[in-house]
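Combine both chains into one complex, guided by the hints.
Residue-level listing of the chains:
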Amino acid sequence: MSTQERQGTQSPQSPDSPQEEIYTWTGRARRWLLKRLPPQKLLPQDQPSYVSSWIYVFGMASLAALGVVIISGLVLSLNGPQWYHTSGLGHFTNSVHLWSVELFFLLMVVHLWGKYWMAAWRGGRVLTWVTGVIAFAVSIAAAFTGYLLQTNFDSQWIAFEGKDALNAVGIGAWFDVADLGQMFAWHIELLPIGVGAIVVLHVLLVRVHGVVPPIDATEHPWNESEGPR
Amino acid sequence: MDIVASAPGIYLGWGAVTIQLGHLIVIVVMLVLFALALLLPFPNARRRR
Numbered sequence: 000m001s002t003q004e005r006q007g008t009q010s011p012q013s014p015d016s017p018q019e020e021i022y023t024w025t026g027r028a029r030r031w032l033l034k035r036l037p038p039q040k041l042l043p044q045d046q047p048s049y050v051s052s053w054i055y056v057f058g059m060a061s062l063a064a065l066g067v068v069i070i071s072g073l074v075l076s077l078n079g080p081q082w083y084h085t086s087g088l089g090h091f092t093n094s095v096h097l098w099s100v101e102l103f104f105l106l107m108v109v110h111l112w113g114k115y116w117m118a119a120w121r122g123g124r125v126l127t128w129v130t131g132v133i134a135f136a137v138s139i140a141a142a143f144t145g146y147l148l149q150t151n152f153d154s155q156w157i158a159f160e161g162k163d164a165l166n167a168v169g170i171g172a173w174f175d176v177a178d179l180g181q182m183f184a185w186h187i188e189l190l191p192i193g194v195g196a197i198v199v200l201h202v203l204l205v206r207v208h209g210v211v212p213p214i215d216a217t218e219h220p221w222n223e224s225e226g227p228r
Numbered sequence: 000m001d002i003v004a005s006a007p008g009i010y011l012g013w014g015a016v017t018i019q020l021g022h023l024i025v026i027v028v029m030l031v032l033f034a035l036a037l038l039l040p041f042p043n044a045r046r047r048r
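Going line by line, the protein sequences match chains A and B. Going by numbering that gives the first Met the number 0, the letters in the first sequence line up with residues 0 to 228, in that order. Going by numbering that gives the first Met the number 0, the letters in the second sequence line up with residues 0 to 48, in that order.
The following block holds chain B by itself, in its conformation from the complex (with noise of 0.2 Å):
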């Protein structure tokens, strides 16, 4: 609890632009997930139409 409270975070920063690491993590997550299920073939399921 104590290290979540004191912890600033870790920011990363190109010019104007600053996002906090996880707000990243989670956003390049986000669309890898995306990309994913675009591409990768569903199992078939059984009695599919």
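With the rest of the complex left out, here is chain A (with noise of 0.2 Å):
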């Protein structure tokens, strides 16, 4: 095959583009999801310039903070406990992964105070904010289910004073507390996997709707129809 002809076959077409016939799932799927969020929305090179304020750090503070969780996280289960309630570098991981929970909630929490007060629920953001609302609810069951992982006299207290409120509304079948090995599969598996993927999906909302302005701000265009430069 020529070049020019391998270039004939392999060039990009727009998903708008008149010549391509859209005729599966996948296809509709691709358009769709072009339409919603281009790459140059996905990936802005700039930003509105309301967003050179403090305020808007915290969110991405959070994030940073959860991505030292998720790393710290996964360095204690690969070596277990044993390592971690014994060795030195292993007390050390323990307390990186601790404190950046501890950061992390608390960046969390200036970040929903500044948006709350500026309504970022404008302009077609409700799920934005839901999302976030949700994120901020699964993590504290994660931080929770560490507490119990702590194997001290602690996570006993916890877990026992934990154990009548979780009977009294039905869920002590499927999360008990006293169940170390359960506790473990909640913490390591299922609740990171559901704050990962709701705070994707809150940060894939944000980059569809663009940063919500403040409240005396007009709509910056990028955010409604034009997209980012």
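Some hints here could point you the wrong way.
Unchecked claim - Simulated restraints on C-beta separations: (1) A:116 with B:42: 21 to 29 Å; (2) B:19 with A:62: 22 to 30 Å; (3) A:87 with B:38: 37 to 45 Å; (4) A:169 with B:15: 26 to 34 Å; (5) A:120 with B:38: 21 to 29 Å; (6) A:23 with B:23: 53 to 61 Å.
What the hints assert, rightly or not - Covered by chain A, per the in silico footprint, the following chain B stretches (three or more residues, Cβ under 8 Å): (7) 25–31; (8) 34–40.
Just so you know, the hints here were simulated from the structure itself, not pulled from any lab data. Each residue gets a CB set at the ideal place from its N, CA and C atoms; glycine is no exception.
Structure (structure tokens):
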């Protein structure tokens, strides 16, 4: 095949190109995704000027803290309790995991306050707000199961205080805080997948609708129709 | 470890309100960060529009 022919067969076509006939669900999905979230919106080079404020930093700072939580958690889970309860490096990694969680919640709460007081659900951003609320709630459950895995008197106290409440609402059988193995599964598999998925969706929705402007600023056209440049 | 496990913690109380010192510190830090984020000027980044 000549170079020209190869270029011809590989020439990219825009999703709205009249030459391309969309006849499968994958084609329709691609067209819908590219329309909602074109690459320029997914990875913009610039942001509107109102983003140059410290209050807009806390969302990204929360993500950075979550990154440290996940990496330190992976190291802990791969090495196991024998390692992080007995060795110096294990204790250190355990502490990094705890304090990055503390920082994650601290930054997330300031992010929440900032978005609440600027009514960040404006301009079709309701789902962005709702996914943020769910991310906060699932993070609390993930942190709670983490406290249970300390395997000390503190965690025993927390478990048996919480057990009555969880039994009272009828979920004690599936969320048994006194079952260490089950809590390990919730803490290192199910809840991290839940937090990760909802946070990814939250960030993608921020990219789709753009960063919310302050109340006294007008909606930037990038956020609406033109897309960022 | 032993110190952390056996420490009862410092509790502050005003009437019906009781709060552990650590929790109070975290809440105050969050409030201070929120206020500073609104008041402090943001450094001018390169090619901001």
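Note whether the CB distance of residue 169 of chain A and residue 15 of chain B lies within 26 to 34 Å or breaks it.
holds (31 Å)
For the stretch 25–31 of chain B, do three or more residues have a beta carbon lying closer than 8 Å to a beta carbon of chain A? The restraint on the stretch 25–31 of chain B holds, since 3 of its residues have a Cβ under 8 Å from chain A and three suffice.
Query raised in the report: Are residue 120 of chain A and residue 38 of chain B spaced within 21 to 29 Å by their CB atoms?
Result: Given a distance of about 25 Å, which is inside 21 to 29 Å, the answer is holds.
task: Given the hint of 53 to 61 Å, check if residue 23 of chain A and residue 23 of chain B actually sit that far apart at their C-beta atoms.
output: With a Cβ separation near 59 Å, residue 23 of chain A and residue 23 of chain B satisfy 53 to 61 Å, so the hint holds.
**Message:** Is 37 to 45 Å respected by the C-beta to C-beta distance linking residue 87 of chain A and residue 38 of chain B?
**Reply:** Cβ of residue 87 of chain A to Cβ of residue 38 of chain B: about 42 Å, so the range 37 to 45 Å holds.
**OP:** For the range 22 to 30 Å, tell me whether the beta carbons of residue 19 of chain B and residue 62 of chain A fit it or not.
**Re:** holds (29 Å)
Worksheet entry | Coverage assertion for the stretch 34–40 of chain B with respect to chain A, Cβ distance below 8 Å, three residues required | This one holds; 4 residues, not fewer than the three required, reach chain A with a Cβ under 8 Å.
Does the Cβ distance between residue 116 of chain A and residue 42 of chain B fall inside 21 to 29 Å? holds (23 Å)
Comparing the model with each numbered hint stated earlier shows that all of them hold.
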